[in-house]
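Visitor: Keeping their order, the protein sequence lines are chains X and F. Under the working numbering, the first sequence has 105 at position 105, and the numbering climbs by one with no breaks. Under the working numbering, the second sequence has 254 at position 254, and the numbering climbs by one with no breaks.
Errors might be hidden in some of the hints.
Pair ranges (Cβ atoms, derived) [stated by the list, open to error]:
1. F:G155 to X:Q181: 19 to 29 Å
2. F:R154 to X:A278: 50 to 60 Å
3. X:A316 to F:E317: 58 to 68 Å
4. X:P34 to F:A40: 36 to 46 Å
5. X:L191 to F:R154: 13 to 23 Å
6. X:D330 to F:T186: 29 to 39 Å
7. F:D147 to X:L529: 34 to 44 Å
8. F:E301 to X:D330: 50 to 60 Å
9. F:E317 to X:R223: 35 to 45 Å
10. X:D35 to F:T186: 56 to 66 Å
It is worth saying that the hints were derived from the structure and are not from the lab. Quick reminder that beta carbons are idealized off the backbone N, C-alpha and C, glycines included.
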Amino acid sequence: MVPLARLLLLLPLLFLALFYVWPLLSILVLGLAPDGTLATGQLRQLLSPWHLNTLAFTVVQALLSTALTIALALPAAWVCVRWSFPGRSLLLSLSTLAFVLPTVVVAAAFSALIGSRGVVNDLLQQILALDTAPLRLEGTLAIILITHVFYNFAVALRIITGFWANRSTVLEDAARVLGAQGWRLWWEIRLPLLRPALLAAAALIFIFTFTSFGVIIILGELRFSTLEVEIYLQAVNLFNLPVAAGLSLLQITLMLVLMLAYTRLRQRLPLALRAAHAPRPQGWRQWAAVSAVSGFMLVLLAAPLLALVLRSLSGAGGLTGAWYAALSRDVRGSVLFVPPVHAVGNSLFYAFCTTGMALVLGLLAASLMQRRSRRWLDPLFMLPLATSAVTLGFGFIVALDEPPLDLRASPLLIPIAHTLVALPFVVRSILPSLDAISPSLRESASVLGAAPWQVWRQIDLPLVSRGLLVGAIFAFTISMGEFGASLFIARPANATIPVVIYRLLGQPGTMNMGQAMAMSVILLLTCSLGFIVIERVQRAGSGAF
Amino acid sequence: MRIAMTIALLLALLTSVSAQETVVTLVTHDSFAIGEDVLAEFTEATGIQVEILQSGDAGEVLNKAILSRGNPLGDVLFGVDNSFLSRALANDIFLPYESPLLEHVPEQFQLDDQFRVTPIDYGDVCLNYDVAWFDEQELALPESLSDLAAPEYRGLLVVENPATSSPGLSFMLATIGVFGTEGEETWLDFWRQLVENEVRVVSGWELAYWGEFSHSGGEYPLVVSYASSPPAEVFFMEETPERAPTGAIVADQTCFRQIEFAGILDGSEQVEAAQQLIDFMLDTRFQEDIPLQMFVFPVNEEAELPDVFVEYAEIAEVPAVVSPEDIDSMRDTWIQAWTETVLRGG
């Protein structure tokens, strides 16, 4: 390879070193050894029974959430890959929309739906003629798991379908001819073939739910606690940096071990890839399967979103568009007032910056990992996702404080933080497809005289383009929803949609609540629009190959 | 390496602000707001531009200021309240400045005799009630905190978790101020009675007020909020009602007073301009804008309240008191004891 290409490949490493490793190390060192020696006195608190309980709960809920999400998403993915039916891409988009909503808004939607005065309880009460609401989910493990499934369903669905749609059906057809049927087909053919995608999705969801924060605080009502929540409470409320740093280190180490194990489990599966044609369902059994799965997805994913839309449109006197109209009215002449158009513009700007950066860096990083000797890099790129957002936010303050890198108060830090979180998704989305490219394909191309970049352009890129699409959609969504450390970053005046939602919800007055719901619907719409644009670009791009 | 240099250069170019005029950066929390024309007047009068940098909730803002001590993110920090005051002073992040305008500020708000922080506004955290609900049930309002443990108020109150919510912490402090930590009946005994009386606990003000308060469609007609919430309710209504839909209970020893301070960050290169900004924040123009922007009260006695506040807002005459030193040294212990008692049934 030419030196320039080599340098290019180092770009993701440089990015990670500068904006992740360095800030993290700075804050950990400062936290663990504020005066140059280890703060052993405070660190002893780490082993308290309360922290051990927290650790146990963190692991258990993450395992349950992951298993539940995968189990529910698998049939959905199968139906989406196997058949083409009306509304298929709508369902896929719907599932991803869940991902973008701030937890406060999801909590509002869920309480309108399954809260003690929600629609479901009202119905049950009428049907069963009860005096009190039968479903009491507030502050239970059940509501935590339901919300985790709601949020992460898209991760499983997108990654599995993105991978599955590319698989050849040769093996499955052969097995069928040889008499395999029903569960044997699943157990011996489909699931083993899907293993890379299943593992990739499970790894992401496990990390995601392991570090769950808003859901635990808001819907779990702090009856339970995760390490991430504990780190936040220690760092922000108590300013106990030694314990916060110790817990962060524990969390990162655990995740690193897990990721290393996962990398070992991952294997190359060089099988011919072919975009299989998906037929229409035939016969009542196939239609029934499709309807059942779509129906389930609609209930899980669309009902809360619908509840939100309804709330944004209902006032004291029935249906009204007043909340939407009020968004552009600045009743108080505040210097920080942001008209919705600007908030949408700011969000889109950051989101497209993030998508661009994450795709370029992610593609380079995934290519970098193609050599077996560089496999250890993979867990490294996953780590930002496993790092407590408040720890990293404080790390930025401590590390990036000198010119030319005094980025602490720079708007640039926002897309950078989003990219850190989006990178693992892009890498995860691309790697399974990249792994599946048979080396002989590349070798043949080289033998036929293709230069390395031509091989990459003509062989690798077209084959990972579906994975790239999935990665792009996640990067975009992560940025739109302001995931992770960015909420802990100092913000100049350019507020995004989620920031505006938080501000509206922070003040009393019915009008503010209505406007927050309206803004959430605008967030959903903007995000859907983004999906359409990204899918168009990908289709245009892959058509040109 | 060359790539790194180029990136660094580019970033530096992008982030540098033109150094033509004096710019003062005000570091503050996410709930900060002020009128655009008010700030414009300041710039017109002094030639100083104000840049606002919002950086999380009050705790996060303070912690970041401590972490960047000596090389601060801005020049003035606004938003340290009395529950965080000791932490701020102990970490020595502020330069002393005694504003001449402090003569209009009552003694009770001036908590630092070295003038490292200047009080700007205050607000009372207290019980809010749903007016329509209490009318309909013909139930008298509670008049003290102990009333809340009485059978007629069973299952009526929603509060916020002090570990994650600022009004939640204030309400817990009010109970500590009233019942004390020692003696026959401590604050924890009171909380046990509240649990017995089916108090509902949620993590934040948003969920309590929007989700559980009966005025917004929930089940609980009593909620821990601010004394300024009723005027805010009226202000954010489309038509001005005859009566406010919610009310605040400001009986003696039921509220906790939050005072918010501003200070000049040590390491600021614009100390003089920063002092001018502090003066401006204490002046009537800014002070009179505070109520409708942030829904708290001005500390300057000369500032006049807007009509909606005069009409619908009440101020607690005798709030419960806990000293900033005790809050800072005991916060952890108290929150843990509260969590054990209330959430985990200890």
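Visitor: Could you run down the list of hints and mark each one as holding or not?
Guide: Hint check:
1. F:G155 to X:Q181: 19 to 29 Å: Once the Cβ atoms are compared, 57 Å apart, the range 19 to 29 Å for Q181 (chain X) and G155 (chain F) is violated.
2. F:R154 to X:A278: 50 to 60 Å: 59 Å, holds
3. X:A316 to F:E317: 58 to 68 Å: Given range 58 to 68 Å: violated, Cβ gap about 35 Å.
4. X:P34 to F:A40: 36 to 46 Å: Cβ of P34 (chain X) to Cβ of A40 (chain F): about 43 Å, so the range 36 to 46 Å holds.
5. X:L191 to F:R154: 13 to 23 Å: The hint (13 to 23 Å, Cβ to Cβ) is violated, given that L191 (chain X) and R154 (chain F) are roughly 54 Å apart.
6. X:D330 to F:T186: 29 to 39 Å: 48 Å, violated
7. F:D147 to X:L529: 34 to 44 Å: Distance hint for D147 (chain F), L529 (chain X) is violated at roughly 53 Å.
8. F:E301 to X:D330: 50 to 60 Å: Given range 50 to 60 Å: violated, Cβ gap about 30 Å.
9. F:E317 to X:R223: 35 to 45 Å: 37 Å, holds
10. X:D35 to F:T186: 56 to 66 Å: This hint is violated: roughly 37 Å between Cβ atoms.
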